[in-house]
Amino acid sequence: MSHHSHEEIHGIGYGILVLVWLGLVVLTGVTVVASGVHVPALAVVIALLIAATKSSLVVSYFMHLKYESRIFHVILLMGIVTIAIFIGLTFFDVLFR
Amino acid sequence: MASHAIDVQNAQENYLEVKGRWSGILSWIFSTDHKRIGILYLVSIAFFFIVAATIGIFMRLEQLTMGPTLMKPEVYNRLFTLHGVIMIFLFIIPGIPAILGNFFLPIQIGAKDVAFPRLNLLSWWLFMIGATLAILTLFLPGGLPDTGWTFYAPYSIRTGSEVSLAVFAAFILGFSSILTGLNFVTTVHRMRAPGMSFFRMPLFVWALYATAWIQILATPMVGITLLLIIVERLLNIGIFDPTQGGDPILYQHLFWIYSHPAVYIMILPGFGVISEIIPTFSRRTIFGYKLIAFSSLSIAIFGSLVWAHHMFVSGQSDLANIIFSFLTFFVAIPTAIKVFNWVATLYKGSIRFEPPLLFALSSIFLFSIGGFTGLMQATLPINVHIHDTYFVVGHFHYTMFGGTIWALIAGILYWFPKITGKMYNKKWIYVAWAFMFIGFNTLYGTMLYMGWKGMPRRYYDHLPEFHTDHVIATVGSWFLYTGILILVSTLIYAVYRGTKADANPWGGTTLEWKTSSPPPLENFEKEPVVEHEPYYHEEAIR
Amino acid sequence: MKNIREIALEEHHDFVGAKMGMWLFLLTELILFTGLFILYAMYRVRHAAEFHAAATELDVVIGTINTLVLLTSSLTVAVGIEALKRRNRKLAKWMVLLTVLFALTFLVNKYFEWSAKIHHGIFPGADELLSRSQGEIIYFNLYYAMTGLHGLHVLVGMGILLWVYFLIARKPSEKVVVAPPNIEYLKGAQLIASKGEQERWVIDEIKDDVVEVEVVIKKDPKKAGVDIPNIIKLENAGLYWHLVDIIWIFLFPLFYLIT
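Chains A, B and C, in that order, give the protein sequences. Heads up, the first sequence is in the numbering used here, so the first residue is 117 and it goes up one at a time. Heads up, the second sequence is in the numbering used here, so the first residue is 10 and it goes up one at a time. Heads up, the third sequence is in the numbering used here, so the first residue is 2 and it goes up one at a time.
Simulated from the structure, these hints should not be mistaken for lab results. Cβ atoms here follow ideal geometry from the backbone N, Cα and C, with glycine treated the same way. There may be inaccurate statements among the hints.
[Unchecked claim] Chain C residues, not near chain B, derived (Cβ > 10 angstroms throughout):
| # | residue |
| --- | --- |
| 1 | GLU30 |
| 2 | PHE34 |
| 3 | LEU40 |
| 4 | ARG47 |
| 5 | ASN89 |
| 6 | LYS91 |
| 7 | SER116 |
| 8 | LYS118 |
| 9 | SER134 |
| 10 | GLY152 |
| 11 | GLU213 |
[Stated by the list, open to error] Here are the computed lysine-lysine pairs in the PhoX-like style, where the Cα-Cα straight-line distance is at most 25 angstroms:
| # | chain 1 | residue 1 | chain 2 | residue 2 |
| --- | --- | --- | --- | --- |
| 12 | B | LYS535 | B | LYS431 |
| 13 | B | LYS535 | B | LYS435 |
| 14 | C | LYS188 | C | LYS86 |
| 15 | B | LYS121 | C | LYS86 |
| 16 | B | LYS28 | C | LYS86 |
| 17 | C | LYS91 | C | LYS208 |
| 18 | B | LYS357 | B | LYS431 |
| 19 | C | LYS86 | A | LYS182 |
| 20 | B | LYS509 | B | LYS28 |
| 21 | B | LYS435 | B | LYS121 |
| 22 | C | LYS234 | C | LYS172 |
| 23 | C | LYS234 | A | LYS182 |
| 24 | B | LYS28 | C | LYS208 |
| 25 | B | LYS28 | B | LYS431 |
| 26 | C | LYS172 | C | LYS91 |
[To be verified] FRET-style restraints, in silico, Cβ to Cβ:
| # | chain 1 | residue 1 | chain 2 | residue 2 | range |
| --- | --- | --- | --- | --- | --- |
| 27 | B | ASP327 | C | GLY149 | 49 to 57 angstroms |
| 28 | B | GLY463 | A | ARG213 | 23 to 31 angstroms |
| 29 | A | HIS189 | B | ASP327 | 48 to 56 angstroms |
| 30 | C | ALA127 | A | ARG213 | 27 to 35 angstroms |
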């Protein structure tokens, strides 16, 4: 029952963390610039796609999900599916009222 | 999680005798032992149940005669709100998980405690704080809320009663519920004894596990909804107020996104209890173990897809009505799987008809009535006819009271000797059962009938054509209440004067029956190793 | 024969369990915000034009700066965790402190942003705001509700990080408390505290009137091993902080960039 072995503590190099941060900064720039382009239908989709990419970077590297066991991936998946269901089914009312 | 084990050789006392840092009442309210916390919940929840049941009795008394006799309409409105809030937030939602789950989940998987014992104690404290705040509204100038337990906007935003505090209380209770769920999921994943694989877990644990996931995933939704009611009342941040462009129907969506899955938070643990009792008293293994385990999970999933069937007449889109009506029927499938498997387990078993089994079977029967009337309401055209009538009231009392509370009682009767080390007087339990069963069906059966004829819910008064029905229902409520009082006093008497119980009085096969009654502080003399599926009856194999 | 009892300073740290609990908690936070995102989505499809008009009044520059501040704070806390794992307590301390400062910067920015809006009469219930179209009213009400709740989370996160900072800054020590009921079995005996095979400490005889024994073993920070209890705490604080960042990653384009 007692796990105090050190192999449970995975390390990530400082370099990777800084690279991820750089990626996040660049994506922030992209989303700000993209918002100036007038393509109304696509604007939301692009903004959300970039936000999702940024979040997945934060989750995978800063939050170490990439290095965690499968159950952590399942936990996150449960959350995302639940959120999708809640938002999706509510649209059936609001869009068709 | 960071703790140092103190490896001192000591004889294992049972958890009731252990002398800790505190003594007297403090040794309970500051205890991080999951068993003591379970009993803390049992005592506090039983208290709230009696309070809310008494309020129910007063509401029935008002309906005994026509016109305002006992109370004015405003008082009636506040009482049915209080009855609903206490019964739902303080009784049924925490009910089985917090009492029996806390006590038996760790034991059934062979653990010493839950994963986060201090968080567990915090849950109870939050529960008590929430309860205190809810009751505090009684003494404030606005008085008890008069909105019904659903707190529908925009009325909840405008009424002068103390909605803000009541809603904040519900928010804190939700937080308590979340922490319990989080604790259980982590416990199931991290604390199982050697050999206790997922498919060797008792079905009660499976049910609690599925419930815990709903608690985690759905409860925050009601949290944010209630917070928005507060900021709308106090800070004027209009989100649901139509004068500020808000849409009250969206309030109903957010509310039921939680509150419909919440009914599965209430009933799933009850199903778990029944799945424990049936194999023990049939003396054979459960029929379709995996199907029952997975049906708990699929009830949790389907249950999250059907919330807007509470809103068929709210003015939401027709498409939403049709989709949610359609999806609702799917919940019946996993539920029926459970019922059929229970019946199949009983078939050709050597049944011993003890009080726990009696209550478990009654629970199945009453819940089935609740379930079928539920399917009727899921049908769109029928729903329009019976919406907001006593039919709905009858239906959810059959499911929640008939299903959950009867299962809770069955569970308490089943595990009472393990918890206290004492056995109760079975004869009096049968008497209590007879009163309760007759009273229950007289009360809620009549409600179904009245509702079908058109008696609207939440009215303090009724028309002459409903008078006879109301009198019958009220008389039923007296029987029911008497039965409950007999039951409670029999059990309280048994705590002090009961005969001593064995470690395994029913011949149960799960781990809690392999330790002494009451269990030692750390549940087992030494960590158990699991070699069989949970309902392995040796004599049945031979 | 001397009466000697031994207590083991064995550590029970379920690192994975603690993290799992935190992830589950983060899930509940995510759903909490989802409630607001649902409302945002439903009102936006209904009032698309008004939302766009109202969004032009927000300051994209401040929004972008705050985004960068939060992203950088996420980096610093991640580096801090990494440093603590590598036994570099000094760097870890600085990184956590830096994260707290970034959090503060975010809140100060937010304060100026809100004050400017309130100064112009755009706040919930204000006559100026209520005179506008319903879509704009809802937009700003949602803006205050969502950024307000997020700001509250920043504040809480800041508090947690500060608390962990002080934990890390303290000299590392091992502590074990022997309290009732276990103390009863140790009365009149001499104690030996041991950790692993090599390290042992002998403690005085426990007299009858002793109520509680606290064994604290202070360590030289330079020689201290991996500080597991604090890594767990910092890692969980970090997880919470990253969630706060992720929420903002979505709030930023949805409120500031829909012009």
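Taking the hints in turn, this is what the structure says about them:
1. GLU30: The claim is violated: C/GLU30 sits with its nearest Cβ about 7 angstroms from chain B, within 10 angstroms.
2. PHE34: Violated: least Cβ distance 8 angstroms, not greater than 10 angstroms.
3. LEU40: violated (6 angstroms)
4. ARG47: violated (8 angstroms)
5. ASN89: holds (21 angstroms)
6. LYS91: For C/LYS91, whose nearest Cβ neighbour in chain B is about 23 angstroms away, the distance exceeds 10 angstroms, so it holds.
7. SER116: holds (16 angstroms)
8. LYS118: holds (13 angstroms)
9. SER134: violated (8 angstroms)
10. GLY152: holds (13 angstroms)
11. GLU213: Since the minimum Cβ distance to chain B is about 8 angstroms, C/GLU213 lies within 10 angstroms and the statement is violated.
12. B/LYS535 with B/LYS431: holds (24 angstroms)
13. B/LYS535 with B/LYS435: Judged against 25 angstroms, a Cα distance of about 33 angstroms means the pair is violated.
14. C/LYS188 with C/LYS86: violated (40 angstroms)
15. B/LYS121 with C/LYS86: Violated - the C-alpha atoms of C/LYS86 and B/LYS121 are around 30 angstroms apart, more than 25 angstroms.
16. B/LYS28 with C/LYS86: Distance of about 39 angstroms is beyond 25 angstroms: violated.
17. C/LYS91 with C/LYS208: violated (42 angstroms)
18. B/LYS357 with B/LYS431: violated (31 angstroms)
19. C/LYS86 with A/LYS182: holds (18 angstroms)
20. B/LYS509 with B/LYS28: holds (22 angstroms)
21. B/LYS435 with B/LYS121: Violated: B/LYS435 and B/LYS121 sit about 32 angstroms apart, past 25 angstroms.
22. C/LYS234 with C/LYS172: Since the Cα atoms of C/LYS234 and C/LYS172 sit roughly 16 angstroms apart, the hinted pair holds (cutoff 25 angstroms).
23. C/LYS234 with A/LYS182: Between C/LYS234 and A/LYS182 the Cα gap is close to 20 angstroms, so the pair holds against 25 angstroms.
24. B/LYS28 with C/LYS208: With a Cα-Cα distance of about 19 angstroms, the restraint between B/LYS28 and C/LYS208 holds, given a limit of 25 angstroms.
25. B/LYS28 with B/LYS431: holds (21 angstroms)
26. C/LYS172 with C/LYS91: Distance of about 12 angstroms is within 25 angstroms: holds.
27. B/ASP327 with C/GLY149: 49 to 57 angstroms: This hint is violated: roughly 36 angstroms between Cβ atoms.
28. B/GLY463 with A/ARG213: 23 to 31 angstroms: At 28 angstroms between Cβs, range holds.
29. A/HIS189 with B/ASP327: 48 to 56 angstroms: violated (39 angstroms)
30. C/ALA127 with A/ARG213: 27 to 35 angstroms: holds (30 angstroms)
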